[in-house]
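Student: If you want the building blocks of each chain, they are given just below.
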Amino acid sequence: MKTKENYGSAILSAFEYLLDNYPEVFVIGQGLWSPWYVGNTMKDLDSKFGKDRIIDTPVSESAVTGLGVGASLCGSKPIVVHPRIDFMLYAIDSIVNQAAKWSHMTGAQSHPGITIRGIINRGGEQGAQHSQSLHSWFAHIPGLRVLMPYSVADARDMLIAAALSKDPVMYIDDRWLYDTKDELDPISEKSISEFKPKIIKYGEDLTIIGSSFSTKLALGASLELEKERISVEVIDIRTLNPFDSKLLIESVKKTKRFAVIDGGWKNSGFSAEVTSSIVESMEPNQLLSKPLRITLANSPAPTSKPLEDIYFPNISSVIRDIKANFFL
Amino acid sequence: MKTKENYGSAILSAFEYLLDNYPEVFVIGQGLWSPWYVGNTMKDLDSKFGKDRIIDTPVSESAVTGLGVGASLCGSKPIVVHPRIDFMLYAIDSIVNQAAKWSHMTGAQSHPGITIRGIINRGGEQGAQHSQSLHSWFAHIPGLRVLMPYSVADARDMLIAAALSKDPVMYIDDRWLYDTKDELDPISEKSISEFKPKIIKYGEDLTIIGSSFSTKLALGASLELEKERISVEVIDIRTLNPFDSKLLIESVKKTKRFAVIDGGWKNSGFSAEVTSSIVESMEPNQLLSKPLRITLANSPAPTSKPLEDIYFPNISSVIRDIKANFFL
Amino acid sequence: MNDKADLLTRLINPKEFQEPLDVSGYESSFLYETLYLMTQIRLAEEKLASEREFGTIGGPVHLSVGQEAMAVGISKNLNKKDRVFGAHRSHSHILSMNPDFHKLFAEVLGKETGFSRGMGGSMHLTDKKNGFYGSVPIVSGTVPLAVGAAFDARRSGTNNIGLAFIGDGAIEEGVVQESLNLAKILPSPTVFVVENNLFASHMNISLRQPMRSTCRFAEANKVENLLVDGNNVLEVYEKSKVLINNSRNDGTPCFIEGVTFRHYGHVDWRKDVDVGVDRSQEDIEEWMKRDPIQRLSIGMFEAAIISKQDYQNINDEISQDIISSWEKAIKDPYPTEDKLLTRVYCNED
Amino acid sequence: MNDKADLLTRLINPKEFQEPLDVSGYESSFLYETLYLMTQIRLAEEKLASEREFGTIGGPVHLSVGQEAMAVGISKNLNKKDRVFGAHRSHSHILSMNPDFHKLFAEVLGKETGFSRGMGGSMHLTDKKNGFYGSVPIVSGTVPLAVGAAFDARRSGTNNIGLAFIGDGAIEEGVVQESLNLAKILPSPTVFVVENNLFASHMNISLRQPMRSTCRFAEANKVENLLVDGNNVLEVYEKSKVLINNSRNDGTPCFIEGVTFRHYGHVDWRKDVDVGVDRSQEDIEEWMKRDPIQRLSIGMFEAAIISKQDYQNINDEISQDIISSWEKAIKDPYPTEDKLLTRVYCNED
Ligand SMILES: Cc1ncc(C[n+]2csc(CCOP(=O)(O)OP(=O)(O)O)c2C)c(N)n1
Ligand SMILES: Cc1ncc(C[n+]2csc(CCOP(=O)(O)OP(=O)(O)O)c2C)c(N)n1
Ligand SMILES: [Mg+2]
Ligand SMILES: [Mg+2]
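Protein chains in written order, with my numbering: chain A, 19 to 346; chain B, 19 to 346; chain C, 429 to 777; chain D, 429 to 777.
Hints may be right or wrong, so weigh each one.
Listed next, the in silico BS3-like pairs over lysine-lysine satisfying Cα-Cα at most 25 Å (straight line) [as the list claims (entries may be wrong)]:
1) 508(C) / 669(C)
2) 184(B) / 557(C)
3) 699(C) / 61(A)
4) 650(C) / 475(D)
5) 504(C) / 556(C)
6) 756(C) / 323(A)
7) 184(B) / 508(C)
8) 475(D) / 323(B)
9) 759(D) / 323(B)
10) 271(B) / 274(A)
Only some residues are given here: those of chain B computed to face chain C with a beta carbon under 8 Å [as the list claims (entries may be wrong)]:
11) 37
12) 76
13) 78
14) 80
15) 81
16) 88
17) 93
18) 112
19) 122
20) 123
21) 129
22) 339
The hints are simulated quantities; they were obtained by calculation from the structure and are not laboratory data. Just so you know, even glycine gets a beta-carbon here, dropped at the ideal spot from N, CA and C.
From just these sequences and the hints, can you work out the full model?
Tutor: This is the structure we're talking about:
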């Protein structure tokens, strides 16, 4: 029996599933006792599962995240929620110095199976400190797993897999996707290592690679390009760390052209990783054209509406950039 | 009149020059009243310039860095010193959310001309939390300037330019370079934007690109390869952000092959930026071979000596990897 | 210590301190200016509330309606060479240093003529030449900056101070605790002003901290501190004057906590009674009776310093200003597209 | 409060508290075990000091020689299901839970047979099954982890506690302040143990904080706390017992500060008198007279619980153990090269 969900409700379903089935799971973060902080993704969890499992907190991102790491070493499966990735900059030590390195430093005798849910919450003239998606940073750190769901099913299934993983996982969802709809199969648990890059549309002339909201742009642009008889293959990355580029390389060997869309900045961003991991794995003459990266403009997020409109890539800017690069 | 300096004493000379000539300069950070914390790079500054300009601090990286940002908005030229980049993870908010974005958020009416000196201090079986060089992270952030001196002259001149710049600058020096020696011209102030990538050895068959200690590896490897009649061009990056790839592209158009050595991790690291910015700027058939990235192993830094030996690239591992990739 | 505890008990009970202020002993002009400034802030924010509700304003606005006594009482002890920092709820702070409606409105609308040239909106305000260095929405983000600005003031031989307006939520961020110690030990003449409105977004302070006053953190760091009725502008003014002057003269930090309450919800125009945890309609109504402007204006009526009609005229005059400033701001240009990239660095390349 | 201030004044004066401990009322076996454990830690660290000086040990060692009473006095109130965390100076902490010389030495040498399988060295120690969850050199890095481990203990219905050993330097990190509030408000049975050795590397506490006792931060967060003579193992034991048991029973945090002193410099074998700011040779000599092991052993001699000869025999026995453990560790294998990559993740791929 399929159920209708949107991306937001799929996240809620994942929480409910986890809380129903795993007493070790608890959720902690800012805004969890408020109905409007994190969209509909955690609605009524506190009344359903109790305020001792759904824990709202002081404004102390650093200690709250560290608490999650410590609890995870003891058998709890904590999910630490940061309503904005921007706020997590206070919690970087616990994530990068402690959680990511703990297994290695202790000779793999103990694993911080914490899930950190960082929400990308941008646009709406909120500006530089309320917009960031630092997924490239976390992709850079060995020891972290970084998942970014694009599809409704992934939004649900990845959260479950993240919570059940013994490794520290950054699960990053994007509020711009919350209304995406789909019909989902009943929940079946998947291992976190199953969420490899995936072809979500087949094509012949060009591969466009994205993750999270960028995959939506890739798909949207590809449908437009299709009308002009340009056949585009679209790949959704899903897992940025550890990153497996096999599928991308195969696809590009076929299409011989590729573009990457990424919701971060360009310099040393994940779009650079995608590009590099492809070009270093095939002889140059297997490509018909130089690759293209489409990213945020090289500035902090502006607040003023007209600047916001050019700061974030959108379907038409993507099409424009692709046509320009590939002379299509 | 040339003076003999090593990388460490060159940094000390820069501090002395700045403190002598600019009353607005003050230096703050942990260990500044200790003779052994930061090598010889700040020796006796406190007794020479006074403990009110050379300020040692509580163990509070976050507030100390924020203090520097605030003071810089008012006309001071603070240099905040972190004896290890690993400790700076507590100060990320002040660097990335505040300093990097301040000019943009305020309509360029006020600029945090702070210098943050982050020292790479690794090896010696110190392990995962005493080893990091997160330059790729800072390269990712618009609004920051990121300088990594390789040469003795740059170690001195970049610090001066950083301190005098009105933008927030990360100046990253590597303790493994402190003993490098050179003869230097007298100090003449340079604008921070002068420190563009630079060819430090000409060659024809292959371009190797590095920064900081990686440039030393590049040069070392190139001299070995030269003995086998492989002519290598070596480029020292110097400024990672804002990043100007023009010279790299010209070089690679000539040599048609390139490798990047970087002291960070691979995934979404600066080595990916170098690679991408080159391949996206030339037609694939202008390259004779796929590019190569040489980075840290994909793990936290180990402590055990035999593992440390394989974790960090060295001249012979660089030569091995280059020969394998380019069938030389 | 016990005095403070008793005072706190009364301060957090909204039924207390509803009486009009005793204005005796103050110059009429001082009272008049104070009332004028508070009313300016109030009406400007009411305008923002309604324009936000209407949809003219695209981004969030965090309103300090009900809290004006803190900004105004403090700013009367400041000068334009001081270095003031705020946070997400800082319209009152910037206006108290310079009540330029047009620049505020233009900024909130993202216009080139705004306080931050349209690059910041409501949550990123700056007006350096009037002493307002900047506000940003990362909670506590500017607090160490204020310590640094104060340190610079001292280093340059001035007797200016750095000041951080923070909330009862911000105090929970570790960097604020570090900043208290740092300001003390350096020392740096930093004034920490806590507007304790008993809430951090939806969460009552009693759910976040073991006590409802935050002065104890100043105590722990041996920082001079006091707890005041944050809805009594005269008390805020008088008491903070002493501490701020000490800071100026000695170069040391101080800490001033005022208990207050916001009339609106955490963000935008809704009163949001039902989404605040431990925030009841009844409380809000009681708190409206402790309204800082009402307490001052009625005090002034009773002392016959101004008449109700005078005050109505003030309101009308301010409203006129607001309307014309708004209309001007609406017509102003947005930053041109190039500004997205040219304002990132100081253009040294 | 004043009692505490008086006590502090005496505690920071090394000329005080040099007398042997009064051991009356204690079981001989308890005293014997305590002395034995402290001596084990002392001699093991002396071995590390000399091997480091000699060059056999490649990485830094932070020695707690002089501070053994804290680890031992506390650990006597702990069990193997408790969750203990340390920092850069944690040989004493891990040995007090499990005095396995061989595992410590092997770890310091980077051998597969060490506490952390050779992946951590001196600064990253773990022995989970004996209650020692981990230590790392980022100052304060494990403090919120201890709050979380304590929270887990409570959630799982046990009466175990989480414990963080920290220094007077670590308390300056904002995350420790956040952790105190968090442990209090949740609540979480976290025991914060401050080994106040008056220094953070080279810097005397008086150059870093306005007061020399750190208990005031516990006060600010309404966390039960006490200040003890950190070189009196019996006092540490007795007084911490009460607070730790409260934490166990009530699920609430507590805070125990002991004033102590390290005989060596910040790192490695040098006494480094001259590089410590405000650390004089004279002070060190006085502090040697407050040596915690000497005070206990002399107390036991005086009470005729053991003889000097017995104690010499203990020392010899331990030294023998140390020699054989060291020799074994030296011969042990390093982790194989594949371990560099296979220990990063939990191998789910
Ligand atoms: C670092 C960070 N964490 C969380 C938030 C979300 N947030 C915005 S305002 C706020 C409440 C702040 O409360 P308080 O400091 O009391 O200020 P008030 O809103 O009451 O004026 C929170 C938690 C944020 N903006 N920044
Ligand atoms: C985050 C961080 N900042 C700075 C350091 C450098 N450092 C190592 S130990 C130490 C002193 C810590 O002092 P304290 O907490 O009192 O412990 P003690 O050395 O006295 O045992 C410092 C500053 C570090 N390791 N981590
Ligand atoms: Mg508040
Ligand atoms: Mg100490």
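Student: So, for every hint listed, does it hold in this structure?
Tutor: Taking the hints in turn, this is what the structure says about them:
no. : hint            : in the structure
1   : 508(C) / 669(C) : holds, 16 Å
2   : 184(B) / 557(C) : holds, 18 Å
3   : 699(C) / 61(A)  : holds, 21 Å
4   : 650(C) / 475(D) : violated, 43 Å
5   : 504(C) / 556(C) : holds, 17 Å
6   : 756(C) / 323(A) : holds, 18 Å
7   : 184(B) / 508(C) : holds, 23 Å
8   : 475(D) / 323(B) : holds, 20 Å
9   : 759(D) / 323(B) : holds, 15 Å
10  : 271(B) / 274(A) : holds, 21 Å
11  : 37              : violated, 13 Å
12  : 76              : holds, 6 Å
13  : 78              : holds, 4 Å
14  : 80              : holds, 4 Å
15  : 81              : holds, 4 Å
16  : 88              : holds, 3 Å
17  : 93              : holds, 6 Å
18  : 112             : holds, 6 Å
19  : 122             : holds, 5 Å
20  : 123             : holds, 4 Å
21  : 129             : holds, 5 Å
22  : 339             : violated, 34 Å
Violation of the numbered hints given earlier is confined to hints 4, 11 and 22; the remaining hints are satisfied by the structure.
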